[in-house]
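Undergrad: In case you want the letters, here they are:
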Amino acid sequence: MTVSTEPGAEAPATAPATGVVPASRRRVHVLWLVVLLVFGLVAGGLGGYLLAQPRNPGDDSAEAGFLRDMSTHHAQAVEMSMIAHANSDNPAIVTLAGDIALTQHQQIGYMQAWLRDWGLSPTGTQPAMAWMPNSAGAVVNGLMPGMATPDQMAKLRTAKGTELDIQFLTLMRQHHLGGIHMAQELLALSKNKDVTWLAGTMVRGQQAELTVIDEMLKQLQAK
Amino acid sequence: MSTPGPERVPSTVKVDKTSGQGKPPARPAKASSSRPAAAKKAAAGGGKARKPITPVKVSGGRSWGPIAVGALVAAVALGIIGWGVFAVVGSEKEKSTPWDERARAISGVVDYRTQYPELKQAANHKSGVLTYPVSPPVGGAHNPVWQNCMGDVYTAPIPKENAVHSLEHGAVWVTYKPGLDAAQIDTLKSKVEGKDYLFMSPYTGLDKNISLQGWGFQLKVDSASDPRIDEFIKAVRQNASMEPGAACSSGSTSTGDVPATTAS
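One line per chain: the protein sequences are A and B, in this order.
Residue numbering for the first sequence follows the working numbering, starting at 1 and increasing by one per position.
Residue numbering for the second sequence follows the working numbering, starting at 1 and increasing by one per position.
The set of hints was computed from the structure by calculation and includes no laboratory data.
Treat the hints with caution; some may be incorrect.
Under the rule of at most 16 Å between Cα atoms (straight-line distance), these lysine to aspartate or glutamate pairs were calculated in the EDC-like manner [what the hints assert, rightly or not]:
(1) LYS220(B) x ASP207(B)
(2) LYS191(B) x GLU243(B)
(3) LYS234(B) x ASP214(A)
(4) LYS220(B) x ASP111(B)
(5) LYS208(B) x GLU243(B)
(6) LYS234(B) x ASP89(A)
The structure presented is a predicted model; accordingly, all values stated were derived computationally and were not measured.
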């Protein structure tokens, strides 16, 4: 409204002075219209650009790196849990292992679905943990923090009885600590609603499970 | 539109309807809009002939107001729509190259899905030793048990019948000629260990130093430092899965040439 009154106010002022009323006035109006159109296009474009800003995270984003790495990290927790679930004689271990395996396998599904939604590959070519600042040295022999070595996995596969239960709990304890650390790093780096939601539940869920694991370890080692 | 108190009473509305619905609230709007309309007529039709009518100047200036506002609104809308289209087209571009196209674009990659259309879907389980038309095999019927493919580095040959099942789960199987020099094996190992949907083993009878296979795709190269290895892994790993979500864990970790019938 304030803009539109300006040409109106200017036009009558120039009109009586020149005497040629319609032509000059039209020129001024057309000029104003062009200025307005250009301004409008720029403002609209800028507005559209700002509106379109919450785009999906890209291939080298912290979110994509986290989803890929956490998928791999989770997959090993599923692997350890399935071994314990199949081989343990302790009903409490069988329940806990089944719970961890099902939960983390489903969470891999969430993470992979988001990468797919964003049009990104399920895996990347960057080294593991590259999305995390100061992550140099965190990856040893391709293993992210908390991950069990091939030797530890081989031992777990052949373990039996209480030895299996203790090995499983000890490995999972380390695994959870590493996973919580990664999820906390993501929370510090990202504002993505979906990814921070899942990472937040991982921190809380795994911290709660750590309490259970510590309690069970104490009981088993007291025997 | 927003009529005050008395108009909302049903009885008065009914009365209004019979005489002419909505007239009272419409009046003020009409009054304001009729002025520029009349002015337009005066400016366009009688502008030349009737000079003495002075209101022409005032109303002539006013008529540009709505036009300018309209143009501004239209331009802003156009800008927003324009950017929206640009953003959508831009993001579609990122997604526009499917993984299998990327795999085919790598020089030396053989797409066996075209040659064997049955490799465009999952295959049956079969026990015992099986024969495959491609070596190392890239798909087909396979053992019910899959080879563990959690970044496992097998130092001895593994049963191909179990390995093919892992390919169906989306894994990339890295194979190398037995006796390949240790440095090259270490390079391959660094690409595989700790990464799920990847596993490696020596393979007897390879015609090149290294062969990578995913379900329906194969790449053979001479050197572990060949950059096409990473490209192939990124394109095919997990993407080639015939059963999205199928795991690489809970598989067999045994080596040898007798197909494993139980996990781990």
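Undergrad: Now tell me if each hint is right for this structure.
TA: Cross-check of the supplied hints:
Taking the CA atoms of LYS220(B) and ASP207(B), the gap is about 9 Å. The hint holds against a cut of 16 Å. Annotation: proposed proximity of LYS191(B) to GLU243(B) is violated, straight-line Cα distance about 24 Å (limit 16 Å). At roughly 39 Å between alpha-carbon atoms, LYS234(B) and ASP214(A) are farther apart than 16 Å, so this suggested pair is violated. Taking the CA atoms of LYS220(B) and ASP111(B), the gap is near 12 Å; set against the 16 Å cutoff, the hint holds.
A distance of roughly 30 Å separates the Cα atoms of LYS208(B) and GLU243(B); the hinted pair therefore is violated under the 16 Å criterion. A hinted pair counts as satisfied when its Cα atoms are at most 16 Å apart, and LYS234(B) with ASP89(A) does not qualify at roughly 40 Å.
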